[in-house]
Amino acid sequence: MDVTAWLLRRIRPRPFVVTALGGTGVRLAVEDELRRRAWQPAPTPVAADMLVVCGPYDTELAQALDRVWEQMPRPRVRVLLDAQDDVARSLNEGGAALASSTEGSSQAPPLADSAHPAPDPSSSHGGDSGRSHEDSGAADASAHSEEHGTHDRSEGASSETADDEGGGDQHADHEHGGHGDHSGHDMHGGGMEMPGGLPMAERAADRDGLTLDRLHVELGPVLADWPAGLRLSLALQGDVVQDAAVSVVGAAPTDTARFWTAPGLGGRELGGPSVEAAAALDSLQRLLAVAGWPDAGATGRRLRDDLLRHGAREAWRARCRRWIRRVRRSRLLRWSTDGLGFVAPDAPEVLRGDVTARWKRRLDTIEAAVAQESAAPRPTDAGAAAQSALDLLPSLLNGQELAAVRLIVASLDPDLEALPADGAEVGHG
Amino acid sequence: MDAFGPALLLLGVAAVGVALVYGASAVVRVTRQPLASPPFMSGMPVTEHAASRFHVRWYAVTMLFLAFDMEMVFMYPWVLVVAEKGTTAVVEMFLFLAVLVSAVIYAWREGAFRWT
Amino acid sequence: MGDPMPLWGMLLLPIGLLLLGYGGAAWSAILTARAAGSPVSLAAATPARETARLLVEQRRTIPGADTLLWRLGGATVPVAAVLAVLVLPVADRAAADLSIGVVWFNAMEVLIWVAVWTVGWGANSAWGLVGAYRFLIQGLAYALPHMFALTTAALGAGSLRVSDIAQAQENLWFAALMPVAFGVYLLSAMAMAYWGPFDPAVARDLAGGAAAELTGVDRLVFRSGRYLMLTAAAAMAVPLFLGGGAGPLLPGWAWTVLKTAAVLALLVWLGHRLPTVRVDRFTEIGWVVLIPATLLQALVVAIVVLVV
Chain R
1 MDVTAWLLRR IRPRPFVVTA LGGTGVRLAV EDELRRRAWQ PAPTPVAADM LVVCGPYDTE
61 LAQALDRVWE QMPRPRVRVL LDAQDDVARS LNEGGAALAS STEGSSQAPP LADSAHPAPD
121 PSSSHGGDSG RSHEDSGAAD ASAHSEEHGT HDRSEGASSE TADDEGGGDQ HADHEHGGHG
181 DHSGHDMHGG GMEMPGGLPM AERAADRDGL TLDRLHVELG PVLADWPAGL RLSLALQGDV
241 VQDAAVSVVG AAPTDTARFW TAPGLGGREL GGPSVEAAAA LDSLQRLLAV AGWPDAGATG
301 RRLRDDLLRH GAREAWRARC RRWIRRVRRS RLLRWSTDGL GFVAPDAPEV LRGDVTARWK
361 RRLDTIEAAV AQESAAPRPT DAGAAAQSAL DLLPSLLNGQ ELAAVRLIVA SLDPDLEALP
421 ADGAEVGHG
Chain C
430 MDAFGPALLL LGVAAVGVAL VYGASAVVRV TRQPLASPPF MSGMPVTEHA ASRFHVRWYA
490 VTMLFLAFDM EMVFMYPWVL VVAEKGTTAV VEMFLFLAVL VSAVIYAWRE GAFRWT
Chain F
546 MGDPMPLWGM LLLPIGLLLL GYGGAAWSAI LTARAAGSPV SLAAATPARE TARLLVEQRR
606 TIPGADTLLW RLGGATVPVA AVLAVLVLPV ADRAAADLSI GVVWFNAMEV LIWVAVWTVG
666 WGANSAWGLV GAYRFLIQGL AYALPHMFAL TTAALGAGSL RVSDIAQAQE NLWFAALMPV
726 AFGVYLLSAM AMAYWGPFDP AVARDLAGGA AAELTGVDRL VFRSGRYLML TAAAAMAVPL
786 FLGGGAGPLL PGWAWTVLKT AAVLALLVWL GHRLPTVRVD RFTEIGWVVL IPATLLQALV
846 VAIVVLVV
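Protein chains in written order, with this note's numbering: chain R, 1 to 429; chain C, 430 to 545; chain F, 546 to 853.
Honestly, the hints are just simulated from the structure, not real lab data. Here a beta-carbon is modelled for each residue, glycine too, at the ideal position from N, C-alpha and C. Among the clues, some could well be false.
Derived coverage of chain C by chain F (criterion: at least 3 residues anywhere in the stretch with Cβ under 8 Å from a Cβ of chain F; other residues may be distant) [claimed, not checked]:
1. 434-448
2. 456-470
3. 473-487
4. 490-497
5. 505-511
6. 514-520
7. 523-531
Kindly generate the complete structure, drawing on both the sequences and the hints.
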């Protein structure tokens, strides 16, 4: 397979970046590095060949990551990064592993292995392009531990309905998941009549007086342009939300503060307005990507990285002003977001108004840093804002289309790292 | 009708092209064994088949579209005779279109183009 | 109408489409790199490297998926794009200068609806399903203005033959005579290739929508088909609105290629410059603004045809 090797060496990796709670700093470093290498992040792990995980280990997230890993086509490589790792070196190694991946190389062990609850914290890679049946044993083990891990957990909304957490119901759910994984490997459905051992969607009444199928769709925790640690369980008819339940996957380690309010921001000397602006840029780039304007989002990311690295320099301010003008003047963007997800004025200030009002407020924050206004920014309690965003979400999302759901979530952008410790209900396993 | 000979030829060329790409991939890809896995669901287990009776809330638009699409059957040939038939052809066609547009305006006021 | 296109011309046609399509993809990569501040020098090779990546990548099956429809849909996209340029006159010759050339182009372009829907539906994935239906409603919103724009160009020439339409523009390009129809045509060119502001069917917010579950060569064919379709739509704008191969100094085919490249560059740039339009908002505009606007345009052109 000479040609294969030749082609593999010419590949530019397509990473899919997942952020665990507490991994914001690592994610920023990764995104900065990817940008400079022109490695374009993939919109879904299926389209990616490199799974980049930023942040501390978490059991529940690890199970999700194992499922995602099973869905990634070969050649593939996994790069796990935590705060102390050298991002550039790890990405280099990941890229090298991809370029040299040949048949029969080693299989990455599952992340959520109950025997090894905390894998080696330093970066580790698993390059793998072998035939799938060779690693069915390892994958079975992972599916097995998934079942146990999830079953033992007392929290974690079941996929059927968030408020129904009956053990039997939940167990049945995960049985199906397990079979799905299992049949994914050697295609024996165990005598199930439906393909893959999955049931069809159930029907339910609708406001139009029709009784059509109700699909259950999960948004998060592993999703592009999505707040870290957020999980939304939706019941959809067509693409309209009938029911939404929110939960938090994982918990930020108690010893590290929220990234954006950590003193000195990893040793960097930045004024308050600049940090606020960088946080607002980070939030906005996600919203712009979700709104289908990836170029404006990419520029926002670049402005954020430059601001964090060099501070608000003159060249940065000029570029930022141009970008702000372009985004603010976009009628199409306003047209897409006007009137969506209206939050009453008794909520924390950052959440009030519709989606347009929220992204405009973020632009104002950035503009203040550009103008270097001396007026101290109003300190926002990110924890309280995140908590009330979580509380508001189910009612805001009911009756919305999936496109609107993404925009509303991206505009509220709850920073779950800022949740007060007792608010982070989902503990470690 | 011999004009459709080239169409078949071009279809052949395109099909061969696609087949070549598939063939090339079959030769060079890292493994011939396809990956069998459930669809992506944000890292959560898939609990049901996605192929379902999808609630199409804009079905009213499809009805309206059908009416207009049939109209195109008249409009394409009409194009060829406008110069020949003169004013009557134009008046007739646009009266017909006016009737259809009034239906669109009615549907619009009834909210057929908003469904969320 | 000139002589029929020689056999080598028919081979050259898809190759030319492919080259221009690659140019479009590279231009898109350059725009992305510029926006992100990535090295632009790397960008021109991005589509080639991505092709290499997808060629060696493993394919995928999904339990319960309608694999036949899924694969067939993806392969339909490039085939439909190539068939669409059957009626494109290059240097006064089309592969087949059908007397109903405009209708042929219209029909091939509508094949994309089937293709995107089956790709989304066949994968048995919720993302694909939602993306597939998004494309259908977008189609219902753009198709009529698009067809009226095509009809208006045909009306200006009094013929459905594409080469006749190009020749009718010897004195005045239809882009100048019927600017509304031209504008709507450009919009619908992006919509039929689910490009730029009209990409909700394969958007990032759906994790790739209709294309969410494609890997390897299947994704490669689907994605290159999209660029081919965009190129085909840009190429058809040349005889329909931009005077065909007419131009000073250079031969006709060179002008066709140059104009196509210019329209393609414009479409790609617009796609990067504009955010996605949500389908539920676009439907209303398509029906209440674009249809009356294109009909008025057709009326004006009909009167011009009668008077002149």
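Hint by hint, here is what the structure shows:
1. 434-448: holds (count 11)
2. 456-470: Since three or more residues must qualify, the claim that chain F covers the stretch 456-470 of chain C holds, with 13 doing so at under 8 Å.
3. 473-487: Since three or more residues must qualify, the claim that chain F covers the stretch 473-487 of chain C holds, with 7 doing so at under 8 Å.
4. 490-497: holds (count 5)
5. 505-511: Satisfied; 4 residues make the cut.
6. 514-520: holds (count 3)
7. 523-531: holds (count 3)
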